[in-house]
Amino acid sequence: MTPAALLLAAALLFPLLLAIGCLSARFRARALSVLVAAPLPALAAAILVPEGRFAFFPQPFRLTLVLDQPGAILLGGAALLWSAAGAFAASSMTRDPAAPRFAVWWLLTLAGCLGLFLVGDVVNFYLLFTLASLAAYGLIIHEQSAAAHRAGVIYVVLALLAEAFLLIALVMLAATHPDANPPIRSVVADLPASPMRDGTVALLILGFALKMGLVPLHVWLPLAHPAAPTPASAVLSGVVVKAGVIGLIRFLPFEAGMPAWGAALIGLGIVTSCYGVVVGITQRRAKTVLAYSTVSQMGLLAVLLGVGLETADPDATNLAAYYAVHHTLVKGALFLGIGILAATGGRRLGLVLLLMAVLALSLGGLPLTSGALAKLATKPMLGYGWLAGAMTLAAAGSTALMVHFLLIVRRDAAGNPAMSPPIGQFAPWLVVLAASLVIPWSLYPAVSGETVASLLQPEALWKVTWPMLLGAVVMLFVDRLPRRLGLIPEGDIVVLAQAGAPLVRGLSNRIGEVDVNLRRWPVAGLGLIALAILLGGALMFRA
Amino acid sequence: MTASLSPGALFGLCGAALVGIGLYAIVTHPGLLRRIVGCNILGAGIFLVFGAVARRGGGAGFEADPVPQALVITGIVVAFSASALAVALLKRLSELNVGERNGTAAPTEQRGRL
Amino acid sequence: MTPFAHATTPGGFLLVLAVILPVCAVLAIFACGPRSAARIAMTTLAAGLAIAIAIAVELIASGAALSYVVGAWRPPLGIALRADGLSGAMLVMTALVVVTVGLFARVQYGLHDGAGGGRAQTTFWLMLLALWSALNAVFVGEDLFNLYVALELLTFAAVPLVCLDGRAETVKAALRYLLFALVGSLLYLLGTGLIYGQYGTLDLLTLSRLSRQEPALSAALALMIVGLLAKAALFPLHLWLPPAHAGAPAPASAVLSALVVKAPVFLILRLVLDVAPPQAAAIAGQLLAVLGAASILFCSVMALRQARLKLMIAYSTVAQIGYLFIVFPLAAGSAELPPWGTIAWTGGALQLVSHALAKAAMFLAAGVIAEAFGHDRIADLGGFGRALPLSAAAFGLAGLSLMGIPPSGGFVAKCLLLTAAVIEGYPWLAATILAGGLLAGGYVFRVIDTALAIPAVPVAPRRPVPRRLELAALALAVAAVLLGLVPLRPFGLLQIGRDGLAMAGLP
Amino acid sequence: MTLLLDLALVAWLLALAVHVVVQRGERSAIIAFLAFGLLLGLAWVRLAAPDVALTEIAIGGGGTGILLLRAEAVLRGRGKEEEPMTRAGKLAVAVGCAAISAGLGLAVLSFASPAPTLAPAAAEALGATGLGNPVTAVLLAYRALDTLLEKIVVLLALIGVWSLAPDGVWDGAPEVKPAIVPGPLTYLARILPPFGIVIGVYMFWVGADAPGGTFQAGTVLAAMWLLVMMAGLKPPPDTSRPLLVLALTGGPALFLAIAFLGSIFAEGFLAYPEGLAKPLIVAIEAALTLSVAAALAMLVAGPARKAPAR
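Chains as they are written, first to last, in the working numbering: chain F, 1 to 543; chain H, 1001 to 1114; chain E, 2001 to 2507; chain P, 3001 to 3310.
Take the hints with a grain of salt, since some may be wrong.
Listed below are several chain P residues computed to face chain H (Cβ distance under 7 Å; list not exhaustive) [said to hold, decoys possible]:
1) 3063
2) 3066
3) 3108
4) 3135
Computed far set for chain F versus chain P, every beta-carbon distance over 12 Å [to be verified]:
5) 23
6) 97
7) 104
8) 190
9) 196
10) 198
11) 390
12) 484
13) 507
14) 520
15) 527
16) 531
These are calculated hints, taken from the structure and not from any lab test. Even for Gly, the Cβ is constructed at its ideal location relative to N, Cα and C.
Please build the complete structure, drawing on both the sequences and the hints.
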């Protein structure tokens, strides 16, 4: 086994081993402090292992690990955020008596999430997807408030739904393959010729869209992200939603292309990105606004992937991964920043707010930040038609939403007494912040194929600046609209779904009544007789 | 006609009819004791079908095939045991119900653990 | 090809031991009196487990079915016992569950009765052993009437377990169970008579060569299958199961739900696949699959509606049994591929085993909960995970298997069934499997959410529960999960004793 | 002529069965069922199955009859009835049952011809057992495993019945004597048992070669014992009494022991050594007769009602 393969394996197994170690009570008590180290092998793998390497573990594991460019980009960003958020959690949750339990859920979610970026075979992809989905439940309900439980229940229902869609899609993918656990690449290559092609792709998109939070399957994000403790929100919003992104990257046939489905994905993405902005602007709580911003950003990612699928352009996956890692780091830093702001007052507050402003506006495409880079890198792909226009508008919307966010955090932090955050929280935040600024610069040439110098040209700067200005101006007007705040409840259409609850309850009661009737002796007896006759007939009158 | 109405076939048909009658009693009768009686009628019908099979299979110096006969003997004993258990359950149930109705639990009845 | 007639194979005597040893123990307990009941039972459990493992080892080592001709009287006059790969898997599964339940019961009775010798305890040990003997007899039986006697033995052992606590409602449940099961066995017996009248033999191996599409056989199969359905409590014949399984003491519920309902299902599987002529089996299989699907959907919703934990688990059993019936059209096989060569067959067998382990674990965990808190109302158990972490974990792990979440035996089973449904073109079955998994997720998570909750007034156990009691449930749950880690191994085992293709054509 | 007789018998049987089902009073229904059992014995004679006829009259009719009558006496006036069925429901069930009967009749008439039979095989193997009655040979040699397991079934039913006793008294004695013992019953209980025992022993003894055997003999013995207990001449024993336990377990235990010895000294489990088959079978039957008698009597007697005498 080569060192590269060992490192890949360690990236997946190290957090799992730590989780298993938590079976020992003594280790569990100190588990919080190892969170920072858990994703380090993954980080090392993303940096050190050359692209295209893979590792195969034979029976009984039948596990294949591969590292390609999109995987490596996402893995590196995610591992960094996990590590920093882990350090943040170790500092912020020391007094929490339930912290050991939190650490176990954390390690499991982490193993699942990071493993997803590496795994190359169908069965283990599903396994890790499930692990990441279900373990995140423990993070969401950690605070044990009523809101957290409600969010947890809705999250689990939707996660299970996503699992179901995904399971049947994967089964349809692999059903005709001679290997019981085929490599993802080979089943995806067979997909365009499959008779069940459209059904499979529809189910794949449904399953992964649920995880990403595309409208109308986004309802769990704005409920779950604010309910979780701050470091957990950071990874939920930064990394866990990317499970859907990597799923689409891995399972959609970008080589062959599927124009109709690409168009559908684009449509879904545009609706989602607008919807996230509009609903987000009506929200009162900073974390909720960030969650809606995530919804909106995932919409943009869906557009990118949709374009790639429509035009049969495999490079789209690299660009999407690039965009995603920008979002991972920035959104993670923003969530952690909310925690920092809550513990900051007085003199330092201004500095922190300034940094937060840079981060927030980066999502809208602030020049020289990762957001601007991401937008510029993806621009050629979108062309110059209506799609580019729509994306520009979306950038304006993002800016507006972020201005709204900044107004909220400034107001929230205004009354803080003079204090400064513990270094154990401040340092990780700074690391993520710095990474969000630095990493996209270093990756830019490799991803976009252009030089860094091209970014500094005035034309390029203007390209990203004017939508921001537009967004800021819009926000100036929107901010004055009366009764805007709180107009739409958190989780928006879940409220509609809850209106259907009496219907469901009625149906369930009806089933209960039917059961009572069926379990009456004469009715069951009649059923027995009828079944005997039916079965006898079935067996007799068929030669 | 006479060939098909040999004693074997005749009692076989009788058994078939008894099966229907027994089943009807079991399903429709509201009294639990009568349902147990119904089970016995059903059983009797089934045994008669075995008897018909045995009668048809006579040969080698025996008037009837001994194997189904032995099966019926085993079956009758099992059916009796089942009736005994059912009757005991029924009696106990009625005892407990009476106890409850009178507001006192049956003598030394243990309060149920789960 | 397997030989046409039975012949005793080396190791065949093990089959006799598997059936007879628990019977000997029943007589010994009866003769020696209640005080020695637990001791004799524990010894027998150990020996029985060894026998089951020996049978499995012998099966794998020889690669052929084990047979024993009782009394050297060859069928059709005499009776033969035979264990193929599936029987071997059932025997080992049964032994595992029975032994774990036995250990659980030993600890639990130790908490209450001290030295023992009470009515409930003695009856429990006697019935547990008799039940084991009956199950083994069902799994290795080759003679239809011998199987009838085994089924009756099973019923007679199961019914008193239901009303061990002597409350009116459990006695009522037991009576209802007995009567319905009795009707079921009588219908089975009637079918046996018709088959003897038509073919002059009751030996399954002989019948599998003789059977053709004939009115007597059709009527016989219909009656036998319906009779067995009544005993397996498939929807809509499930009237007796929820009160009976929910009312029994926890260890008894565990064996009832995990093992007892599996015996009739096993026999239906053998009748449809071995005795029924293939074309006739196809239509009947469709009908059974419809019932199975209805069972999954309907009873999963009912499980979601239950306020009491044990009732919820009981309804879940009816739902999970449904999965075993949707196997029939999926495992229909073809000219090149016999039914037992299909992935659906393996999926069904895995579902059978993993459900048994998971369900026993759930009932034992529910037993610990009831032991600790004195009730099993889900709404009033908020935060029980804090007091009983191992039981909550056992429940959760078992739940994973029921939901079909990887890695677990239930997942592999459902995945195989789903694949078969996709390949064979049964979208409605695929949808049912998925919906059933979602509903199972609903009822399992309701309990897990309760376990993890931190209510304003935390629940406190009435009395401390020893760790050993919790470990029994956890061990079974872990076994159910571990089953998912070796998904491709059982294929080979299940082919043993079945003629024809072994591993060919399997994805 | 015989056909006419048979037809009359069948008609009578069916009429009685219908009467049992539709009769309103429990008691008269059960008495009709008793008559039905006796008539059924006659049918078995017509089917050339005297062994079954004896068993049916003894156990199916007699034993079950006593059981049901005793239950009816206890339940009278307090037997809780479940809700009755609607007319339409009853009609549906009737149609369904008729269809099942019709299908069954069809199946019976369509049996393969010539009838498949094991009679020649059984006759051929009879020599090896040394027995004269082929039914006994089937029960105790060819299909002895069934018989062995069925003994366990009876024992389990008994354990199940006993487990229904209240907790404190479960190893005590059942109550058999009615509150008022009618004079004739006492008289019968003094006169009958000696005859009954002789008949029982005879039935058991001839069972090896002629109709009769363990069940029939055991039932007669059980009936005698029950008679004595009902008349109050002898109290029923505690369920934990060693002698009773010995009687109950002795038969199956001996059966098992000989079965295991067969796997050492003969061809296998439940096989008999050459030449010793008949004496061994008779020994097993003797022990089983006692066990059956004890088990049947105790099954009818029911669970314990009195605390054990210690």
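Against the structure, the hints come out as follows:
Among the interface hints, the one on residue 3063 of chain P holds; its C-beta lies about 5 Å from the nearest C-beta in chain H, closer than the 7 Å criterion. Because the closest C-beta pair between residue 3066 of chain P and chain H is about 10 Å apart, greater than 7 Å, the hint is violated. For the restraint placing residue 3108 of chain P at the interface with chain H, the shortest Cβ-Cβ distance is roughly 4 Å, inside the 7 Å limit, so the hint holds. With 7 Å as the threshold, the beta carbon of residue 3135 of chain P comes within range of chain H, its nearest partner Cβ sitting at about 5 Å, so the hint holds.
A cut-off of 12 Å between C-beta atoms confirms that residue 23 of chain F is not in contact with chain P; the least separation is 42 Å. With a cut of 12 Å on Cβ distances, residue 97 of chain F stays outside the contact zone with chain P, its closest approach being about 45 Å. Under the 12 Å C-beta cut-off, the non-interface status given to residue 104 of chain F relative to chain P holds; the minimum distance is some 45 Å. Non-interface call for residue 190 of chain F relative to chain P: holds, since the shortest CB-CB distance, roughly 50 Å, exceeds 12 Å.
Residue-level check passed: residue 196 of chain F sits 42 Å from the nearest beta carbon of chain P, beyond 12 Å. Remark: the non-interface label on residue 198 of chain F is consistent with the geometry, its nearest Cβ contact in chain P lying 46 Å away (cut-off 12 Å). With a least CB separation of 65 Å from chain P, residue 390 of chain F remains clear of the 12 Å interface cut-off, as annotated. Non-interface call for residue 484 of chain F relative to chain P: holds, since the shortest CB-CB distance, roughly 62 Å, exceeds 12 Å.
At the 12 Å boundary, the C-beta of residue 507 of chain F stays outside the reach of chain P, the nearest C-beta of that chain being 26 Å off. For residue 520 of chain F, the non-interface assignment is contradicted: its Cβ lies about 8 Å from the closest Cβ of chain P, within the 12 Å cut-off. Its closest Cβ contact with chain P, about 10 Å, brings residue 527 of chain F to no more than 12 Å, contrary to its assignment away from the interface. Listed as a non-interface residue, residue 531 of chain F fails to keep its Cβ farther than 12 Å from every Cβ of chain P; the least gap is roughly 10 Å.
Checked against the numbered hints given earlier, the structure breaks hints 2, 14, 15 and 16 and satisfies all the rest.
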